[in-house]
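Each chain, letter by letter, is given below.
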Amino acid sequence: MWVMKVEQLRAFYVLDIFGVKKIVQAVSDVDLEVRENEVYGIAGESGCGKTTLVRAMFGDIQPPMRLMGGKVSYRVDGQEIDLYALKPHERRALRWSFISYVPQSSMSNLNPVVKLKGTFRDFLESHVPRNGKQDVLESAKRHLIGLGLPANVLEAYPHQLSGGMRQRVVIALASFLSPRVVIADEPVTALDVVVQRGVLQLLQDVQELQQNTLVIVTHDMGVLASIADRVGIMYAGKIVEEAPVEAIFGQPLHPYTRYLINSLPKFGDKQMRESAPGAPPSLTDPPHGCAFHPRCRFAMEVCSQAAPDCLSVGDEHRVACWLVQNGEHKHDS
Amino acid sequence: MANTNTILELQEVSKVFQVGSMFSRTRITAVDRVSFHVGAGEIFGLAGESGCGKSTLARMILGFEEPTSGTIVHRGKDGQTVSGKKVWRTAGVQAVFQNPFETFNPLRPVERYFFEAVQNYHLADSRAEALSRIDKALQTVGLNYDTIAGRYPAEFSGGQLQRVSIARSLLNEPSLLIADEPVSMVDASIRMSIMNLFRELAEKLGLGILYITHDLATAYYVCNRIAIMFRGNIVTMGDVEKVLVEPKHPYVELLRACIPETDPKKRWTTKAQLADSDTGEYLREGCKFAGRCPRATETCRLEEPEEVEIDGMLVKCHLYRDASPKLAGSVMNQLHK
Chain A
-2 MWVMKVEQLR
8 AFYVLDIFGV
18 KKIVQAVSDV
28 DLEVRENEVY
38 GIAGESGCGK
48 TTLVRAMFGD
58 IQPPMRLMGG
68 KVSYRVDGQE
78 IDLYALKPHE
88 RRALRWSFIS
98 YVPQSSMSNL
108 NPVVKLKGTF
118 RDFLESHVPR
128 NGKQDVLESA
138 KRHLIGLGLP
148 ANVLEAYPHQ
158 LSGGMRQRVV
168 IALASFLSPR
178 VVIADEPVTA
188 LDVVVQRGVL
198 QLLQDVQELQ
208 QNTLVIVTHD
218 MGVLASIADR
228 VGIMYAGKIV
238 EEAPVEAIFG
248 QPLHPYTRYL
258 INSLPKFGDK
268 QMRESAPGAP
278 PSLTDPPHGC
288 AFHPRCRFAM
298 EVCSQAAPDC
308 LSVGDEHRVA
318 CWLVQNGEHK
328 HDS
Chain B
25 MANTNTILEL
35 QEVSKVFQVG
45 SMFSRTRITA
55 VDRVSFHVGA
65 GEIFGLAGES
75 GCGKSTLARM
85 ILGFEEPTSG
95 TIVHRGKDGQ
105 TVSGKKVWRT
115 AGVQAVFQNP
125 FETFNPLRPV
135 ERYFFEAVQN
145 YHLADSRAEA
155 LSRIDKALQT
165 VGLNYDTIAG
175 RYPAEFSGGQ
185 LQRVSIARSL
195 LNEPSLLIAD
205 EPVSMVDASI
215 RMSIMNLFRE
225 LAEKLGLGIL
235 YITHDLATAY
245 YVCNRIAIMF
255 RGNIVTMGDV
265 EKVLVEPKHP
275 YVELLRACIP
285 ETDPKKRWTT
295 KAQLADSDTG
305 EYLREGCKFA
315 GRCPRATETC
325 RLEEPEEVEI
335 DGMLVKCHLY
345 RDASPKLAGS
355 VMNQLHK
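Chains A and B, in that order, give the protein sequences. This note's numbering puts the first residue of the first sequence at -2, with every later residue one more than the last. This note's numbering puts the first residue of the second sequence at 25, with every later residue one more than the last.
A portion of the hints provided could be inaccurate.
[What the hints assert, rightly or not] Computed footprint of chain A on chain B; a stretch qualifies when at least three of its residues, placed anywhere within it, have a C-beta under 8 Å from a C-beta of chain A:
| id | segment |
| --- | --- |
| 1 | 78 to 87 |
| 2 | 132 to 146 |
| 3 | 182 to 196 |
| 4 | 207 to 213 |
| 5 | 266 to 279 |
By construction, these hints were calculated from the structure, which means they are not laboratory data. Since this is a predicted model, take the numbers as computed values, not measurements. From the three backbone atoms N, C-alpha and C, an ideal C-beta is built for every residue, glycine too.
The shape of chain B in the complex, shown without the other chains (with noise of 0.2 Å):
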């Protein structure tokens, strides 16, 4: 049912690992089945607690890794087709990393990476296209090219360097940004500068961006839609507004209690519950939240639940047994308008 304004969707991917030595092997999916798709103009969230396998799944989505099942589609062609290099991938999506300081040698001026995309991508023929090019990229990050000509990395600050790696992801013109942890080693308090880009690249360019965090104060200031992921599930996905505003899962409403209330008046009273480790819940039977759940009944510990629809959000969770299952795409279909 794609849209024609789909640019990604992943239909059922998954990723197995195999932890150990050979006799003593443990076989973790860090990405279970999932499916979601982003469409242009639009910010998809992914959330979820670190070793949840958001970044796996981005990772598969760059082409560095292949999934062990299930299609990725990039609009309208699927990478498992082409042979070798996945050049689609390279070509249409763009990945911002997380420590703009790691994305970049300290020892190459930062120049040299913009006029290297221009080379291996052939955007321009002479070296005055090239700085235009470049120009005009740096322009909509609101930096220019005299502001990095011959700089090193350490001479940006954390928040301008991340714009500069912004910028060389936007040379090529995608159709698809991933941005993975964009903002958790930048200081809280440019922040938000940076997700104001990702707002005005999503509604100037068309962008479709795909925002992965932990965060979920930042995820809801600038997503359309979210998916939170738990151990390799998505547990519920659906408009921003909803899935974080009106918790269904009880693992959003973990999450939201977990953000530091802003007021010192509300302070936290009650206590949270932490996973000592992460395999134990990779491997465990039925719902893998089970463990930590304040609801969780004998039911959830011995049965996966089943993926439903309320309020058109996906929920997989027990508590909405009695709801009506998913059909085939309406979840979907409905999402898309």
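This is chain A alone, in the form it adopts within the complex (with noise of 0.2 Å):
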């Protein structure tokens, strides 16, 4: 069953430079489905809209970005909310207790001056009702022993924790509450394979304790490979593939995803590897037709005059490629 559903969703930046507009099409036309107790993870390139769709997703959208289309729905205690059309208080009440949102570098954003047991009692002071100073602290320690973290971080300043042990007090900040969905936006980039590692198994750990969701955003395939369950793979603002995690490393079915794969290095396998060619379109003026045509070694006339439809190819296998529409797609070329 779907806990979080995106219909149609177009987000766009609407820029004003000295007279000049520009529209930056991040999100266009996207529809997903996330279910309760699964990993779902999203992948892409830097500038292909996937932070723009989960922050569409949580609900946080300011100027330059605006909300031109689309919906997205949240399934709360079995009823079906649409969230753009609530009160922003009642907006904000969602938030922490039914999706929490990890953002990109939110490890280095915790204030400096202040201990971690400060930044724990300022959040959970505006999120639970008044139950006394000690009484907060105590859950937050339960909390934090239950994640397996040290209890002592609490007393600590953030600079004299290590990198991945900030970022894994800030997922253990968010999973808090025990929201139903979790959304981290590239937890694990620029750390370390062994702090990688750690705070992996500390989102899956979560995940599993509190049987909810984990929406996952990075651009390393590696990463999805080793946790999510079911990936869609995001390319100039649209989902273009979008299969259970066995499949899209199995068979994937769209050119762009079988780049991704294959420029993967392997141990003991020093062949040549290639990077897809090209560099990722511009999200102001994108390619007409597929955007993924001028880098496409398979492209053909069609790629370049009309966007191919987000199909379904059997099992929750769906996929946007004329190649595959037009039936012209073998496996493991």
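Fit the two chains together into the complex; they arrive one by one in their own frames, and the hints show the way.
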């Protein structure tokens, strides 16, 4: 059963630079369903609209970003709620208790002059009814220990902790009220491998413990291979392929997905590996037709004329590519 | 035993930092007696977790930081003996940094950096000559002058800008390139094109490249030899096929286990041990890895292990105490072949 649904979502950035209007089509016509108790991964290059998509899903729309159409619905206690029909204070009430968001590089945004217990207290006092300072700290401690983190971090200032520990504390904070959905935006980018594994482990532990939904955004397919249940591949503001993780890695259908997977280095194989040629398209003026066609080596005439629809090709697998729709696609080419 | 091909040689280089105020001062040995060398046309990897001293080492090689002890010799010349600025280092050694968007000032067109470098090193007499030189450097990385003319850093994609940064460092034909995490901020999808570029530079221009990273998968892909650092020490060093494929040191096993598998069927089933604080491990006596090592014994916690040579690689671990102790230079000589 879905817990969050996105329909025909369009979120653009409308910029006005010295009288010249520029529209960045960061998210265009995205349909997505995130289910209960699953890990959903969103992958794509930088500048493909991943962060804009999750911010729109979280309901954090601030100029110059604008919602141009579409709908985001949550299922809260069995009831469907249209996020953008809510009043601002009702939306705020859902945050952290129903859905929480760990933004990019949030570990660097902890208040440097306050001990972490201060941050925890600030956060809790605005979300749970007052029940005394000591109670809040006690429950914070219990929560940290439950996640396998040392409770004495509450007495530390952010600079006294390593980057990985800070990131894990932020995740602990985001999961404190057992939200049904946790969105983590690039939680492991630029962390080293050992710390990366620790953070991924924690995210997984939280998900298993609270039986909720984790949406993880990353550009590293290796990360998704190790924790996601279903994966959506995003390119130029659109979802181009979506499938369970085994199918994405086993039978990738979109040429872009195949580039993403083939470019991962592997041990014991020093063969030349190729990245996708060219550069990501500009979202102010995306290529006509399928946005990937200038970089695609299978591009046909139709690719530059019309954008393919994202159609189902069986078993929860859908893909937006003319090759697949014309039946010309071969597995393992 | 410096080989004629050796471009850079480090001997027993240490760096000690002091942390804290006057009365509660702690001395942290960020780099502890590190020796290695880089040859021409070779990509030498230096890998380890963040906070293991690899960037401090890079800063010392580039001359931003003075080593507390030990020598760094570039092409037979010791930087220590030159007073004032270390001219040889900046002339023959160039650096590529982690985040290309921080390398360049966002308010300056990137071509200015190229003209500035040409001027600073007196590489050309006329603008036409400068242009041809700049164009040549850009062509080596698969770009040309027209693609950068008049453009600002924000107008490039991350991968392109990292290429521009590499082209800039090639302008004065260095013999050694220090690449400090050159791809960790670049998208996974275009990482490989930068890695392929490094391979090409080493093969075609005979450039020595010191590739500093925490990502063993890319290190395996490009490096010839590799050294793994842990809390200031090199714990193992040798041919990349040997060090990474048949790991001897338990730390390398941990690092390898942490690389996400690209196959969803081979997920992690066990948990990895993480350090809570960096300083704690730095101050540890005996083997610094003993706190996290699954095979640590009492000896590991008390005594620092010796460097021994097994199978052509250097390993610093008590597990191999009975193997032949390192004979001065024998490993080095063997690795040259």
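Which numbered hints are broken by the structure, listed smallest first? Violated hints (numbers, rising): 1 and 2; every other hint is consistent with the structure.
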